[in-house]
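Asker: Following the hints, put chain B in place on chain A, whose structure we already have.
Here are the chains, one letter per residue:
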Amino acid sequence: MSRGSRGRRRFNPDRDVKEWTGAYVPYDILKEAFVAFLAVAALIALLAIVFSSPDEHAVTLKTWSAADPVDFAQTAITELDGTSGTATYGPPYNATPDASQHIGFFEPNQWLGVHQPVDTAQDFVIGPLRTLPNQQATQLAITTYESAPAAQQATWTTAYEKSVANAIDFHGRLHVPAGRYGPVGVIIGSLTAMSQTGGLDGTLLSDGQFYNTNYTKPLLFLADGNYLAARAGTQHLQGDQWGMMNETGNFPGQAWLWLYTMWYQVPPMNTSANGDLEVWGLMMLLSLGLIFLPFIPGLRSIPRWTRVYKVIWRHHYRELAAS
Amino acid sequence: MSIDTRPSTSEPVPASEESRQWTARVRRSAESAFPPNRLLPDRQPAYMASWIYVFGVLTVVGLGWVIITGCVLAVMGPSWWHVSSVGLFVNSLHLWSVEAFFFFMVVHLWGKFFMAAWRGNRRLTWATGVISFLVSVGAAFTGYLSQQNFDSQWISTQAKDGINATGAGAVWNVLNFGQMLMWHIVLLPIVVALIAGLHVLLVRRRGIVPPFDLTEDGDEVQEAAPGPDPA
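For the protein sequence lines, the chains are A and B, in the order given.
Residue 1 is where the first sequence starts when you use my numbering, and the numbers rise one by one after that.
Residue 1 is where the second sequence starts when you use my numbering, and the numbers rise one by one after that.
The shape of chain A in the complex, shown without the other chains (with noise of 0.2 Å):
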C-alpha cells in the first residue's frame, strides 16, 4: 500500500470510492417496510397453509425395541461389554484413549477432556435393571455379572454377541440362541422387556431427578443402533445423502448448510477419520475469509472483475451514458 505525499493513500477501486454527489430521488424508508411487513405476512401465511411444517414422532427407546429388538439386544450388549459407539467415543463423554479427532498435534476435544461423563454399561444396562422391584433373576444375573472376573465378563459378552448376531424377532418377542453366555442373556433380555414397557425411557431420563431437560443419554443409546439410521436413510437424512441441512418430508430444511455438507461428501472429509474437524476447521477459515474480505487482494477484486454490478446498476449506467 503506497501513500501520498500528504499522508493519502491511492486510491484503490476495491477499497475506496467516490462519495455520491449525484441526484436523489423521494424514498419513503417507513413506508417501504411497512409494504414489506405485509407482504412477508402474506407470503409466510401463504406457504404455512400450503405445506404447513413437519413433524414426525420422536423414535422412543420403547417403539425401538417393539419395533426392532433384535437391533436393540445387539446394541446393548455393545454398551455392556464397552464395544459401542458411545462406550469408545472418547471425550466429552468417557476417557477414551486416541479417540478424540485431531490435525496433527491440534486435538481440542481431547484438551478439553470429559465434561458428560457416560459409562454405558452402568448407565444404560446395569443401573436402569437395578431399579426394576420384584426381578430376583435379573439382579441375581446381575450380581453374578459383576462379581465375575473381567475375563469371564468378556466371555459372557463375546459368546452373547455370537448368538444375538443370529437371534430372531418373534411377534416384537426377542428369541436368542442358546449359547454358553451365562447371565448376560439374562440381563439383555430383561433389558429388551423393560424398555418394550417404556420403563427405560424414563429411567435414562431421570437422572436422579423430577424435572429433566437433558437427554444426552437416551438420544447416545438410540444412536448406536441402527433402527435410527435405518429411518433417516428413508428420509434421505444421512450424512452421504446431504443430511445435515435435510429435514423429514419434502421441506427445504436449513438449505444455507449446503456448503457445510457438501465438504462430508468429498475427499479427503468423506473417508477420513478426522472429517469433522477438518470440515470444521475449512468452515471457521472460510467464514473468517468472508468477514475479512474486504482486506483481502484478490478475493476483493472479484466483484469489479465479475462485472456483474452492471446489471444492478444498469439504471444508472444507462442514465450517465446518455448524458
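Where hints are given, some of them may not hold.
[What the hints assert, rightly or not] Simulated coverage check for chain A against chain B, where a stretch passes if three residues somewhere in it have a Cβ under 8 Å from a Cβ of chain B: (1) 29–35; (2) 41–47; (3) 70–82; (4) 246–254.
Treat the hints as calculated values from the structure; they're not laboratory data.
Small disclaimer: the values here were computed from a predicted structure and weren't measured.
Even for Gly, the Cβ is constructed at its ideal location relative to N, Cα and C.
Answerer: Using the frame of chain A, we list chain B on its own:
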C-alpha cells in the same frame, strides 16, 4: 417532609464540566452520527434504482416475523405445536419465516458482494452483516434441535460429532434439549438482534455504497482523486 424537585438555578453546572459528562458525550456523539434526516431519510441516491436493494429491508422484516412467530410459540410453550392445530400453524409460520429470512439474507449478501459494498470505509458494515448471517445459522440450528421430534433426534446425534471434534461439546451439548432451547429463544436471538441492529445503524451512518466509477468506454476508473483516509 417535602422534597424540592425544582431545578436549582443558584448554582448552574459549569459548561466545561457538563461537556465532560458521559451522558453529554454519548448524546453529542449520537446526534453527530445519527442526525434525524440520516436515521430516517426521505430521499435516496438515484443509483439505487434496483430490486436488489429491496432484499435488505426484506431481511429485516423477515427477522421481525421470525421473532414475532417465535414469541407466540414461546407464550404457549415448546410442546404446544405438537398437540394443537393452531400451534402447528404458528410453527409453520415460524418455519417459513425462517426460510424466507435466510433466502432474503443470502440474496442480500450476494448482492452486496457483487457491489463490493465494503468500499468507502464500509468494512465494518460488511463484517457485521456476515457475522449476523453466521449467528443466524446457529440460531436456526438450535431451533431444529428444539423441535422435540425425529428431526431433532437425528440432527443432534449427527451434529454432536462435529461440535465435539472442535472441543465445544465440553460446554455446548447439542443433546441437551433444555440447553439448546435456552440458546435458541434467549441467547442467540439477543446476539442476532444486537448485531443486525448495529448493521442497520452502520448502513444509516455510512450510507449505501455508490457504483463503481466508469470511464467513457465502460471500464472502471483505476486511479482517481485521493480516497478517504482509512478509518
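Asker: Work down the list of hints and note, for each, if the structure agrees.
Answerer: The hints, checked one at a time:
Taking a C-beta to C-beta cut-off of 8 Å, the segment 29–35 of chain A contributes 4 residues in contact with chain B, enough for the three needed, and the coverage statement holds. As drawn, the segment 41–47 of chain A meets chain B at 5 residues by the rule of a beta-carbon pair under 8 Å; at three or more, the given contact holds. Chain B is given as covering the segment 70–82 of chain A, and this is violated because 0 residues of the stretch bring a CB closer than 8 Å to a CB of that chain, at least three being needed. Evaluation of the coverage hint for the segment 246–254 of chain A: fulfilled, as 5 residues show C-beta separations to chain B shorter than 8 Å, against a requirement of three.
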